[in-house]
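Engineer: Line by line, the protein sequences are chains A and B.
Mapping of the first sequence onto this note's numbering: residues 1 to 238, in sequence order.
Mapping of the second sequence onto this note's numbering: residues 239 to 465, in sequence order.
Please keep in mind that the hints were generated in silico from the structure rather than gathered at the bench.
Hints should not be assumed to be uniformly reliable.
Stated by the list, open to error - To spell it out: a stretch of chain A is covered by chain B in this simulated footprint if at least three of its residues, at any positions, have a beta carbon under 8 Å from a beta carbon of chain B; those stretches are:
| id | region |
| --- | --- |
| 1 | 85-91 |
| 2 | 173-185 |
| 3 | 199-213 |
Stated by the list, open to error - Below, simulated DSSO-like cross-link-like pairs (lysine-lysine); rule was C-alpha separation at most 30 Å, straight line:
| id | chain 1 | residue 1 | chain 2 | residue 2 |
| --- | --- | --- | --- | --- |
| 4 | B | K400 | A | K111 |
| 5 | A | K228 | A | K26 |
| 6 | A | K111 | B | K318 |
| 7 | B | K318 | A | K77 |
| 8 | A | K77 | A | K228 |
| 9 | B | K400 | A | K55 |
| 10 | B | K318 | A | K55 |
| 11 | B | K318 | A | K171 |
Said to hold, decoys possible - DEER-style ranges, computed between Cβ atoms:
| id | chain 1 | residue 1 | chain 2 | residue 2 | range |
| --- | --- | --- | --- | --- | --- |
| 12 | A | N178 | B | F411 | 48 to 56 Å |
| 13 | B | W248 | A | A115 | 49 to 57 Å |
| 14 | B | W248 | A | D129 | 23 to 31 Å |
| 15 | B | W248 | A | H167 | 47 to 55 Å |
| 16 | A | D223 | B | E460 | 24 to 32 Å |
| 17 | B | S430 | A | Y14 | 38 to 46 Å |
| 18 | B | K318 | A | D165 | 49 to 57 Å |
Note that beta-carbon positions come from the ideal geometry of N, C-alpha and C, so glycine has one too.
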Amino acid sequence: MDYVIDCEKISKSYGNISALRDINLKLEKGSFLAIFGPNGAGKTTLLKILSHLIKPTSGTVKINGILLHDEDGEIRKNIGVVSHNSFLYNNLTSYENLEFYGKMYNIPDLKNRIAEVIDEVGLTARMHDPVRTFSRGMMQRLSIARVLMPDPSIIYLDEPYTGLDQHAAMKLRDILKNLKKGDRTIIMITHNIERGLEVCTHVAIQVMGRIAYFEKIENVDRDKFESKYFNTVGKEHY
Amino acid sequence: MLMDYFSKIWAIMWKDIRGELRTKEIFSSMFIFSLLVLVIFNFSIDLLEVNPLDIAQGVLWIAFTFSGILGLNRSFLFEKENDCIQGLMLTPVDRSVIYFGKMLGNLVFMLVMEAITVPVFVVLFNISIYDKIFSLIIVIFLGTLGFVTVGTLFSAMSVNIKAREVMLPILLFPIVVPIIIAAVKSTGLILSGSPFGEIVSWLKLIIVFDIIYLVVSFLSFEYIIEE
Chain A
1 MDYVIDCEKI
11 SKSYGNISAL
21 RDINLKLEKG
31 SFLAIFGPNG
41 AGKTTLLKIL
51 SHLIKPTSGT
61 VKINGILLHD
71 EDGEIRKNIG
81 VVSHNSFLYN
91 NLTSYENLEF
101 YGKMYNIPDL
111 KNRIAEVIDE
121 VGLTARMHDP
131 VRTFSRGMMQ
141 RLSIARVLMP
151 DPSIIYLDEP
161 YTGLDQHAAM
171 KLRDILKNLK
181 KGDRTIIMIT
191 HNIERGLEVC
201 THVAIQVMGR
211 IAYFEKIENV
221 DRDKFESKYF
231 NTVGKEHY
Chain B
239 MLMDYFSKIW
249 AIMWKDIRGE
259 LRTKEIFSSM
269 FIFSLLVLVI
279 FNFSIDLLEV
289 NPLDIAQGVL
299 WIAFTFSGIL
309 GLNRSFLFEK
319 ENDCIQGLML
329 TPVDRSVIYF
339 GKMLGNLVFM
349 LVMEAITVPV
359 FVVLFNISIY
369 DKIFSLIIVI
379 FLGTLGFVTV
389 GTLFSAMSVN
399 IKAREVMLPI
409 LLFPIVVPII
419 IAAVKSTGLI
429 LSGSPFGEIV
439 SWLKLIIVFD
449 IIYLVVSFLS
459 FEYIIEE
């Protein structure tokens with residue numbers, strides 16, 4: 001079977017510290033994986049490796065069948081990353097930020113594409129306002145617009161709900177549900193079990209650099225997942 | 239392909255200039271610092287007893303390099319805000335595009351600062367540069383290019399260090415010493431009215447170091463920014 005994301009035995013060490021240990025992960029097109037885990041479990045490190053930002057110490061990563069080790073960075077145009085940091089320049093307006101990133105991705109008809117994605121996240125009225133005047137929720141929505149611009153087939157979400165109030169979190173949830181439509185493959189890291197379970201097709205629990213639990217959502221008992229999580233984390237982590 | 243490479247470099251440079259035009263954080267601190275250096279030296283040295291041509295070139299390059307450090311310190315800090323550097327590294331561009339874009343932005347800031355500092359320097363030190371302006375522009379440009387080339391690399395290196403304001407000059411100055419010495423010497427020769435032939439050997443030294451720094455920075459930036 002062809003997997004969009006195919007990791008085999010990836011490990012990452014920083015000196016004596018092992019951030020990831022022998023991670024195997026295979027995801028098909030259209031999957032939405034929610035990864036839960038305590039702080040320091042190596043979740044962000046895993047996403048950094050999958051987005052071709054850092055190299056694993058050992059193991060192989062294939063994205064769309066292409067081995068990342070042999071790749072010069074072109075694969076990054078198929079990958080979008082939304083983090084708890086927005087990657088947006090405070091001194092530039094939303095339009096200027098998107099225009100800048102659009103040029104980096106060589107997006108054709110950039111002006112219209114910016115109008116489309118900014119409308120999609122409901123920020124058209126604030127298009128020419130500096131990002132520094134934005135609330136945390138607006139920044140996060142603009143960050144999603146930035147990611148949507150090149151229409152990537154893979155999206156990584158690293159704790160996107162961090163620092164959002166209830167209203168902003170609801171809005172973000174609606175946007176994420178829209179992201180799911182189509183063939184996009186999505187991986188989301190979150191501490192919020194409820195929000196993770198409501199959108200995902202697969203669930204994983206990562207503890208101490210290992211994937212300790214991986215299951216399809218239809219095989220997961222949502223009511224008992226929380227205790228499953230604490231059992232898994234507790235058993236491995238404490 | 240090549241046009242695409244340069245258009246991305248231009249986009250990064252223009253993004254920095256656009257941000258700076260809005261805040262004027264880098265430029266104002268650089269210009270005020272260079273002005274202060276000139277004024278302090280002007281007041282501390284009795285120009286009736288000391289020939290301005292004996293000290294002027296040194297004062298000018300002290301103003302350039304120290305205020306340049308202020309600009310370089312801020313350069314990658316903007317990229318750290320909201321972790322923009324990571325956003326930039328996630329785009330499908332070669333790491334050298336990021337380096338050249340940032341380097342050219344720093345070069346523009348320094349050249350603008352220098353273009354305003356030089357007339358102030360001329361007035362304060364009562365030096366005529368009317369017939370030497372062309373040679374002076376060449377030396378200042380080449381000296382600044384070398385300084386910024388390696389300065390951008392060290393700015394990227396020191397951005398994650400806590401005491402970066404202290405670390406950047408400590409790391410950078412020993413490396414750029416050959417360029418600064420050559421630039422001071424050639425500026426001195428130009429200001430004292432020496433023929434162009436006399437400064438050629440110093441200019442060659444600056445050009446050689448510019449090329450070495452450019453190649454080394456181009457090759458090593460990827461490793462510095464990734465880990």
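Engineer: Please go over all the hints and tell whether each is borne out by the structure.
Structural biologist: Results of checking the hints against the structure:
1. Counting residues of the region 85-91 of chain A whose beta-carbon sits less than 8 Å from any beta-carbon of chain B gives 7, enough to reach three: the coverage restraint holds.
2. Under a criterion of three residues with beta carbons nearer than 8 Å to beta carbons of chain B, the stated coverage of the region 173-185 of chain A fails, only 0 such residues being counted.
3. For a cut-off of 8 Å, the count of residues in the region 199-213 of chain A with a CB near a CB of chain B stands at 0, and the three-residue condition is violated.
4. Of the supplied pair hints, the one linking K400/B and K111/A is violated, its CA atoms being roughly 40 Å apart against a limit of 30 Å.
5. Of the supplied pair hints, the one linking K228/A and K26/A holds, its CA atoms being roughly 22 Å apart against a limit of 30 Å.
6. About 27 Å separates the Cα atoms of K111/A and K318/B, which keeps this hinted pair within 30 Å; it holds.
7. With a CA separation close to 22 Å, the supplied pair K318/B and K77/A stays within the 30 Å bound.
8. A C-alpha spacing of about 37 Å is found between K77/A and K228/A, which places the hinted pair above 30 Å, so the restraint is violated.
9. In summary, the hint linking K400/B to K55/A is supported, as the alpha carbons are separated by about 25 Å, within the 30 Å threshold.
10. Annotation: proposed proximity of K318/B to K55/A holds, straight-line Cα distance about 21 Å (limit 30 Å).
11. For the proposed pair K318/B and K171/A, the alpha carbon gap of about 27 Å is at most 30 Å, so the pair holds.
12. Between N178/A and F411/B the beta carbons are some 53 Å apart, a value that agrees with the proposed interval 48 to 56 Å.
13. The given range of 49 to 57 Å is broken by W248/B and A115/A, whose C-beta atoms sit roughly 23 Å from each other.
14. Judged by the Cβ atoms, the range 23 to 31 Å given for W248/B and D129/A holds: they are separated by roughly 25 Å.
15. Our hint of 47 to 55 Å for W248/B and H167/A is violated, since their Cβ atoms are close to 40 Å apart.
16. D223/A and E460/B have their C-beta atoms about 49 Å apart, which leaves the hinted 24 to 32 Å range violated.
17. Remark: the range hint 38 to 46 Å for S430/B to Y14/A is contradicted by a beta-carbon distance near 55 Å.
18. Between K318/B and D165/A the C-beta distance comes to about 26 Å, which lies outside the given range of 49 to 57 Å.
The structure is inconsistent with the numbered hints 2, 3, 4, 8, 13, 15, 16, 17 and 18, although it conforms to all the rest.
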